[in-house]
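K.L.:
The lines below spell out each chain.
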Amino acid sequence: MASRSFVRVLSAALSLLLILVCSVAAQTPPKVIKIGAVYPLTGNIASTGLDCKRGVDLAVDIINGKYDLDLPLAKTAGLPNLGGAKIEIVYADTKGDPRNGMSEAERLITSEKVVAMIGAYQSAVTKTASQITERLKIPYVCSDSSSPTLTDRGYKYFYRVSPHDDIFARDQFQFLKDLEKKTGQKVQTVAVLYENTEFGSQAGKAYKRFAAEFGYKVVADITYSANATDVTSEVSKLIVSKPDVLMHASYITDAILFTKTFKEKGFQPKGILTMAGYIEPGYLDAIKADGNYVIVRSTFALDLGKNKPLVTKVNTLFKKKYGIDMSENAARSFMAPFVVADAINRAKSTDPEAMVKALNETNITGNQVLYPWQGIKFDPQSHQNIYARGTLVQVLNQEYITVWPFDAASKPVVWPFPEWKGRK
Amino acid sequence: MRNFTVRQVIAGVATLLLLIAFPLVISQSVHIHVMILVFMFGMLGVAWNIMGGYAGMFSFGQAAFFGIGAYTSSYLSVAHGVNPWIGLVAGGCAAALVAAAIGYPCSSLRGHYFAIASIAFAEIVRIVFNNWQTVGAAEGLTLSMQNESFANFLFNSSKLPYYYIMLAFLLLSLAVCYFVATSKMGYYFRAIKESHKIAEVMGVNVVLYRLMAIMISAFLSAMAGTFYAQYVLYIDPGSVMVLATSVQIVLISMLGGAGSIMGPVIGAAILIPASEYTRITLGYKGTGVDMLIYGLLITLISMYYPDGVWKLLSKIGGKTRRSVNS
Amino acid sequence: MPDQLLQQLVDGLLIGLMYSLVAIGLTLIWGVMNIVNFAHGEFLMLGMFTSFWLFTLYGIDPIFSIPICFVGMFIMGTLIYRFIVSKVMKGPMLAQLVVTFGVSIFISNLAVFFWTPDFRLLPATMLQGTWQVGGITLSVPKVAASVGSIIASVCVLIFMTRTITGKAILATEMDRDAALLMGINTERINSLSFGIGTALVGVAGAFLSTYYYIYPQVGGLFGTIAFCVVALGGFGSIEGAFIAGILVGLAQTLGGFFFDPSYKYAIVFSIYLITIWIRPKGLLGW
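Listed in order, the protein sequences are those of chains A, B and C.
To convert, take the position in the first sequence, counting from 1, and add 285; that gives my numbering.
To convert, take the position in the second sequence, counting from 1, and add 43; that gives my numbering.
To convert, take the position in the third sequence, counting from 1, and add 87; that gives my numbering.
Some hints could be false.
[Stated by the list, open to error] Computed cross-link-like contacts, BS3-like style, restricted to lysine-lysine with a CA-CA straight-line distance of at most 25 Å:
| # | chain 1 | residue 1 | chain 2 | residue 2 |
| --- | --- | --- | --- | --- |
| 1 | B | Lys202 | A | Lys398 |
| 2 | A | Lys319 | B | Lys202 |
| 3 | C | Lys174 | B | Lys358 |
Everything labelled a hint here was simulated from the structure, so no lab data went into it.
Given the structure is predicted, the values throughout are model-derived calculations rather than measurements.
Construct the entire structure; sequences and hints are all you get.
P.N.:
Below is the structure:
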């Protein structure tokens, strides 16, 4: 029968084909640079994690493609110093648990062979994830976790692009002083309210520290669980303490619940200054007009586009891709891939030590970032971006409008906080 | 003392050899990590089993003991430079003391009431630790990465030491469970589980033996807690004292087979990889599909193997070990 | 702060009655079948989403979705009993616990899958705003929920004590074997009770949706408190669950206001523990 020799010829041909394919594949440059991203993609805080992912994905689109934007590596396709190599983000779900942050970061490094890490939004998770990257000597560029302790550790491989909560807290007190200077509106007493995980308690400490430094009296110091069924006692306590201003560090669930309860009980301070939860897109989606007049710390707002066309251009791309406007979370997470890609490009290599050297030399100018900063440059000790600044936005007509610093404001701040009753 | 059949000995030794060889063959750290978790939760399940499967006290608050162990050794290490191995023992003792303190007034509670009481207790512990500034309150405790050594219970360059230590802990807890199950204590436990009144009539000091069960269980859980702290190097109440962990421990023991020594280990061997690998492969999509599969798995196992998978495996293996009625 | 005391009492009562409403269904299932329904919180969530979608898609106000929620959740509860829970009724207690737990994970993640994890709030519905009554602020939706809770409890009690089916349920709760001997179809009773219990918590969800945010994991918080309430009141006792719910609401609010809000829930759980040490079967349990 001819079948046996036919089989032999066939298998020989197949092996040759296989060798050919492999050698071609081996010759084609790999040219994909993998970066790991750990975020809470499922679980209680999934809506935030997915929001951050939107920012990261858009950044990767811009880096890998050719865009006429004033962002690092936007105008070229991929990384020019590495032959047009493209960035690929490998995501891992932390479910908001620090233990998963550690194991997923490790898996991304050892199994997926990522050369750098970004994420993880929640400071507690960033803590453990960055412990692993420090142990395994892989650079970690964080642009969305705000606990000050992250850059207090003196790590060699950890960098933070965005402001931390000490900066944000200080901003809010500076705003009060500036307000007094500008309008004569005086504030004397402050109530401090914060959720009881790492983020909230750090922020609460910062609030109290700066209150003392700036000379304000803290008349209420209340902490609570972010996942509460009811916050009437907390709000009642706030009301009896009669503060001029409320400072609130919260996640989104408590932001929603507290706003509803403020309205229900008619809590009427002169101003409500907040962090984090109030600037999540889900907050206004849920609370709608009741969110008006709240002031939130921010790094980004759409109205910055008036002075910085880059913002509007990026938002147009964002809206085209996702159908919604860019949120502050997405905007913060947006920056990290650029910083990493820029460093790799300058280092012309993905070797960790070369990347660290390049990161230490990072000097991205202010016109190349979405925020009103002088740019991005890392402090040699703490690796905190020395130019990271916050702004304050106020919710006006269900939009986030920059109101401070006053010279960057697009509208004057509405102060004091209008009465609940009078509103529609 | 019970005698083992030749088959059981061979199976046991073979499994042990496989486990010892595993990390030497499989180098990917994610799989070793999953196995470490399997051992850790297996130990927690065995600890639960001592008071739950054998003595009839279904605790949904084991995370409290786990957390107390983690916090005791970590606080002593961070604030006072105490060696973690000493901290390990201290943590176990602390947990056992707390267990006795809460166990005593709860001595007469049975069934569902005990279960809810354990949840209430664990939540109180978590809230207390969350507000307790000395041990870091909500920020938790971060352990140092410096000076890795066996003496310091710290290893940076490789996971293998953690793997073998946890395996050793697991074997220790199994030995304790075996001893308890086959001794007079175990006999009294089972009597108490059946009925307090009958046990009393038989002359068993119900309160004392209930306390002993809880204390042993707490001690072992705390040991696992210290291990976790030394492994992850960061603990906070939200990660070591949560209800979700306690529930997972019950699930593991129950699905594996409560009231049998190896049951919780089998349960851990099934559920932990199930939840870890579904998260790894599906979690990043954010659609919740990984948890859907997990929930489905739990539902199906409890519907079709209500006595636990261990019983099923025993039947397949042809072993004639009489497992304790759950 | 005597004026605050009254306000706090009222607040505590309002939240407490909501807890009671959530707990009634749970205690019914528990009492009749001796099953801890871990999926109870998820049924609450489904009730909330039903109300949300009925309003968003069809403009039906939550007040009118209540009967729809009741019927819909009744059917769901019965189906889940028939196809899943009944299979483990003969098994060990742990298996029953775990089955409902698996169902709870499945349902909450199914909700994530279909509806995303985003948070939703119902906009202005018929029940909105606050009333000022003699210096006390009352939230209208919470008052409506409280009234609903009272009505529901009374209805269930009347049903249990005055109708034949209800008495059959009560009999099964008290002594399953005797009920069987009396010719009661306990399997049908189980299914009915599971259905009613689920329907009740679905209604609780409809009320809750008028003032609380809606998302797939919302069941967890309320579920844990509901277990506490049921155990405090005594398994199987409707009156017990009702009273215990109020007590828990008061403890939480008064403790939070006069002591420390961060220990709010610790106070609730401590009260549970102390009560249970004194009366091991709960306040009104048998």
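K.L.:
Take the hints in turn and mark each one as holding or not.
P.N.:
Hint check:
1. B/Lys202 - A/Lys398: holds, 17 Å
2. A/Lys319 - B/Lys202: Measuring from Cα to Cα gives roughly 24 Å; hence the hint holds.
3. C/Lys174 - B/Lys358: Between C/Lys174 and B/Lys358 the Cα gap is close to 21 Å, so the pair holds against 25 Å.
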